[in-house]
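Listed in order, the protein sequences are those of chains A and B. Per our numbering, residue 1 is the first one in the first sequence, and the count goes up by one each step. Per our numbering, residue 1 is the first one in the second sequence, and the count goes up by one each step.
Where hints are given, some of them may not hold.
One copy or two, it doesn't matter: identical chains are merged, so the pair holds either way.
[Stated by the list, open to error] With a straight-line cut-off of 20 Å between C-alpha atoms, the simulated SDA-like cross-links for lysine to any residue are:
#, residue 1, residue 2
1, Lys205, Tyr147
2, Lys34, Gly106
3, Lys205, Gln193
4, Lys15, Thr35
5, Lys9, Glu42
6, Lys170, Asn151
7, Lys204, Pro149
8, Lys170, Pro149
9, Lys204, Val194
10, Lys170, Glu150
11, Lys204, Gln193
12, Lys231, Val221
13, Lys205, Val194
14, Lys15, Ser153
15, Lys205, Glu150
16, Lys170, Gln135
Simulated from the structure, these hints should not be mistaken for laboratory data. Given the structure is predicted, the values throughout are model-derived calculations rather than measurements.
2 protein chains.
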Amino acid sequence: MTTIADIGKKLGVSKSTVSKALNNAPDISETLRKTIVETAVEMGYSKLRQNKKEPKKLCILVENMEYTNELRFGYHIIIGFRQLAEPAGYQVDVIPLDHKMQRATGFDAFMLQGHYLGAFILGMSLNDPWMNDLQTSRTPAVLYDNYVPENPSTCYVGIDNTEGMNLAMKYLKNLGHRSIGYLSTSLGSYITQVRHRAFFSALKKNGLKSDPRLAGISLYVSECVQKHLPKLLEQGVTAIICCHDQMANAAMVQCREAGLRVPEDISIVGFDDLPMCAYTEPPLTTVRQDQLLLGKCGYNALESLLNEVPVGTLLLHASLVERESCAEVQQWRKK
Amino acid sequence: MTTIADIGKKLGVSKSTVSKALNNAPDISETLRKTIVETAVEMGYSKLRQNKKEPKKLCILVENMEYTNELRFGYHIIIGFRQLAEPAGYQVDVIPLDHKMQRATGFDAFMLQGHYLGAFILGMSLNDPWMNDLQTSRTPAVLYDNYVPENPSTCYVGIDNTEGMNLAMKYLKNLGHRSIGYLSTSLGSYITQVRHRAFFSALKKNGLKSDPRLAGISLYVSECVQKHLPKLLEQGVTAIICCHDQMANAAMVQCREAGLRVPEDISIVGFDDLPMCAYTEPPLTTVRQDQLLLGKCGYNALESLLNEVPVGTLLLHASLVERESCAEVQQWRKK
Numbered sequence: 001m002t003t004i005a006d007i008g009k010k011l012g013v014s015k016s017t018v019s020k021a022l023n024n025a026p027d028i029s030e031t032l033r034k035t036i037v038e039t040a041v042e043m044g045y046s047k048l049r050q051n052k053k054e055p056k057k058l059c060i061l062v063e064n065m066e067y068t069n070e071l072r073f074g075y076h077i078i079i080g081f082r083q084l085a086e087p088a089g090y091q092v093d094v095i096p097l098d099h100k101m102q103r104a105t106g107f108d109a110f111m112l113q114g115h116y117l118g119a120f121i122l123g124m125s126l127n128d129p130w131m132n133d134l135q136t137s138r139t140p141a142v143l144y145d146n147y148v149p150e151n152p153s154t155c156y157v158g159i160d161n162t163e164g165m166n167l168a169m170k171y172l173k174n175l176g177h178r179s180i181g182y183l184s185t186s187l188g189s190y191i192t193q194v195r196h197r198a199f200f201s202a203l204k205k206n207g208l209k210s211d212p213r214l215a216g217i218s219l220y221v222s223e224c225v226q227k228h229l230p231k232l233l234e235q236g237v238t239a240i241i242c243c244h245d246q247m248a249n250a251a252m253v254q255c256r257e258a259g260l261r262v263p264e265d266i267s268i269v270g271f272d273d274l275p276m277c278a279y280t281e282p283p284l285t286t287v288r289q290d291q292l293l294l295g296k297c298g299y300n301a302l303e304s305l306l307n308e309v310p311v312g313t314l315l316l317h318a319s320l321v322e323r324e325s326c327a328e329v330q331q332w333r334k335k
Numbered sequence: 001m002t003t004i005a006d007i008g009k010k011l012g013v014s015k016s017t018v019s020k021a022l023n024n025a026p027d028i029s030e031t032l033r034k035t036i037v038e039t040a041v042e043m044g045y046s047k048l049r050q051n052k053k054e055p056k057k058l059c060i061l062v063e064n065m066e067y068t069n070e071l072r073f074g075y076h077i078i079i080g081f082r083q084l085a086e087p088a089g090y091q092v093d094v095i096p097l098d099h100k101m102q103r104a105t106g107f108d109a110f111m112l113q114g115h116y117l118g119a120f121i122l123g124m125s126l127n128d129p130w131m132n133d134l135q136t137s138r139t140p141a142v143l144y145d146n147y148v149p150e151n152p153s154t155c156y157v158g159i160d161n162t163e164g165m166n167l168a169m170k171y172l173k174n175l176g177h178r179s180i181g182y183l184s185t186s187l188g189s190y191i192t193q194v195r196h197r198a199f200f201s202a203l204k205k206n207g208l209k210s211d212p213r214l215a216g217i218s219l220y221v222s223e224c225v226q227k228h229l230p231k232l233l234e235q236g237v238t239a240i241i242c243c244h245d246q247m248a249n250a251a252m253v254q255c256r257e258a259g260l261r262v263p264e265d266i267s268i269v270g271f272d273d274l275p276m277c278a279y280t281e282p283p284l285t286t287v288r289q290d291q292l293l294l295g296k297c298g299y300n301a302l303e304s305l306l307n308e309v310p311v312g313t314l315l316l317h318a319s320l321v322e323r324e325s326c327a328e329v330q331q332w333r334k335k
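Bound conformation, chain A alone (with noise of 0.2 Å):
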């Protein structure tokens, strides 16, 4: 195990400049403190003993998703994870994440900076620099919808998508539709990679016809819909489920303005259960994530993580939402 000892030798400092440069100490200079930071997790030295004047700290790193209120998607994901992990004696840190700060320092060094015993990370998608150094990193870190195999330092947590696409086919199946297509941003992050997959298997596990072209995917929102929906009701589609609600809003709209009713005509399905569901036109029914329970199973893996039980998924149960946007299918339609 290596020392503070160990670093002072292989930088030739002493062993109090490695302290404190580790310690954060306002008489080290910048450059050195990076030096011995990066040095040290060179060297494998990933935990820092802990202080006992210090709180036990954990970080909740936040990228391409909202939190500042509590309609934002992120909001209830903290409070969840928060209202296990104060009572347990940690102090939780959020804070913003971009690509900027990734390339700047590694995450091993961040988390050791800023005396960190483990991170809850959002938002990140599989582009972001830090996903390469969280192949191989030492520091507890649990990813909410990303997954990184072969890691026992990390943990996948999320809603069981393929089970969410099933309960979603299920229900539409027992309405009547035959011919459902899928609406989706493009494959650029783990999660809608995985809907996408889910999306096929659950047309193979229902029975109903599967064939590449019931898949409609563009980079953006809009794009998406105005490109493919045509060609899914070209197609005979009655039903469509989307990646998440703000495509399905704007598939529902869009159909709107084709002179298609919702869900006389066609039934959609969202993803997600956003707050904005309840009152979309027609109500939204859609697959939910419950964001209070995915911060507390957040909580639940890092505290796993810091108790070296390797956990490498946790996934929990999916539920529909049924509210005012899928029906029964037309008899004409029916084949």
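Given chain A, put chain B in place with the hints provided.
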């Protein structure tokens, strides 16, 4: 919410009779007690209000798995569970399970009668009577290596078999193997199905040729090895992954009898890391399931369900234990 009074009213008996039956008082006939318990379950009275004098109780139900001493697979799973449950104030009863008792009483009724708040179930197969009950039961149940979709009262706990299979496949590929086979007992359990799928997805992920004939499946280990090992060798396979360690050991014995050296002529990988793996001839390289950690995960998942966090899947990271049953593919066999 159903009360004791509701149950009494439905059956035309007093509240105190219902209470006596649910609390296993001796002055109630067995027939009446059974009727009351079953009615209580039917009416959704799934959770006993905790009697303050009685400890909180959980049970571990075990079938098809040895656990009586530390050389048995189930032993450390149970220890791991108890290491977390008992300090948290739970009494843990370990109960052997068989089809007869499952047919005699429904799962919810069994749990209610025993005053168990939740169960950790080991070794159940897909044709166990309670697998049906678990589709709709309301008592928290964590299943090791079994998955019940769409019931928020159940959770599946195990290692990440897809990750484990991929670790084995990558390892063999790095040793130069390009034609890799698979031996499995019948696909009658959830976990043999998962590993079978994981084998083909790992072939694909590693860019290796895939062919249904690369998997040999039979009901029994000895039958499987005798029937399918020669066929795999005929196909030019240079390495074999087995569905579990017993199969791997049988395959190694069979190879030697056929005049082949392990690992010089053929590499063998197991699954599970049973205690015997260190003592087989040669010691077996295998994908590890850490039993103690699985037990801890079982408790953590059950604790989540008891706190109304409906965790559905909790997977431990897999790891590969390298021993002596694999070697670089021989030059003349490289293609």
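Right, here's what the structure says about each hint:
In this assembly of identical chains, Lys205 and Tyr147 lie within 20 Å of each other by CA distance solely across copies; the values are 16 Å between and 24 Å within a copy. When the C-alpha separation of Lys34 and Gly106 is checked against a cutoff of 20 Å, the pair qualifies only within one copy, where the shortest distance is 11 Å, while the shortest distance between copies is 63 Å. Proximity of Lys205 and Gln193 under a CA criterion of 20 Å is satisfied in both settings, with 18 Å inside one chain copy and 15 Å between copies. When the C-alpha separation of Lys15 and Thr35 is checked against a cutoff of 20 Å, the pair qualifies only within one copy, where the shortest distance is 14 Å, while the shortest distance between copies is 73 Å.
Taking the closest pair of Cα atoms, Lys9 and Glu42 come within 20 Å of each other only inside a single copy of the chain (14 Å); across copies the shortest separation is 70 Å, beyond that limit. In this assembly of identical chains, Lys170 and Asn151 lie within 20 Å of each other by CA distance solely across copies; the values are 15 Å between and 35 Å within a copy. With identical chains, the CA atoms of Lys204 and Pro149 are at most 20 Å apart between copies only, with a shortest distance of 16 Å across copies and 27 Å within one. In this homomeric assembly, Lys170 and Pro149 come within 20 Å of each other (Cα to Cα) only across copies, at 13 Å, whereas the closest approach inside a single copy is 31 Å.
In the homo-oligomer, the alpha carbons of Lys204 and Val194 lie at most 20 Å apart both inside one protomer (15 Å) and across protomers (17 Å), since each shortest distance falls under that limit. Taking the shortest alpha-carbon separations for Lys170 and Glu150, only the inter-copy value of 12 Å comes in at or below 20 Å, while the best intra-copy value is 33 Å. Both within a single protomer and between protomers do Lys204 and Gln193 lie at most 20 Å apart by alpha-carbon distance, with minima of 17 Å and 17 Å respectively. With identical chains, the CA atoms of Lys231 and Val221 are at most 20 Å apart within one copy only, with a shortest distance of 15 Å there and 52 Å across copies.
Taking identical chains as interchangeable, the C-alpha atoms of Lys205 and Val194 lie at most 20 Å apart whether they share a chain (16 Å) or sit on different chains (16 Å). In this assembly of identical chains, the alpha carbons of Lys15 and Ser153 never lie at most 20 Å apart, being 28 Å within a copy and 53 Å across copies at closest. In this homomeric assembly, Lys205 and Glu150 come within 20 Å of each other (Cα to Cα) only across copies, at 14 Å, whereas the closest approach inside a single copy is 29 Å. In this assembly of identical chains, Lys170 and Gln135 lie within 20 Å of each other by CA distance solely across copies; the values are 16 Å between and 37 Å within a copy.
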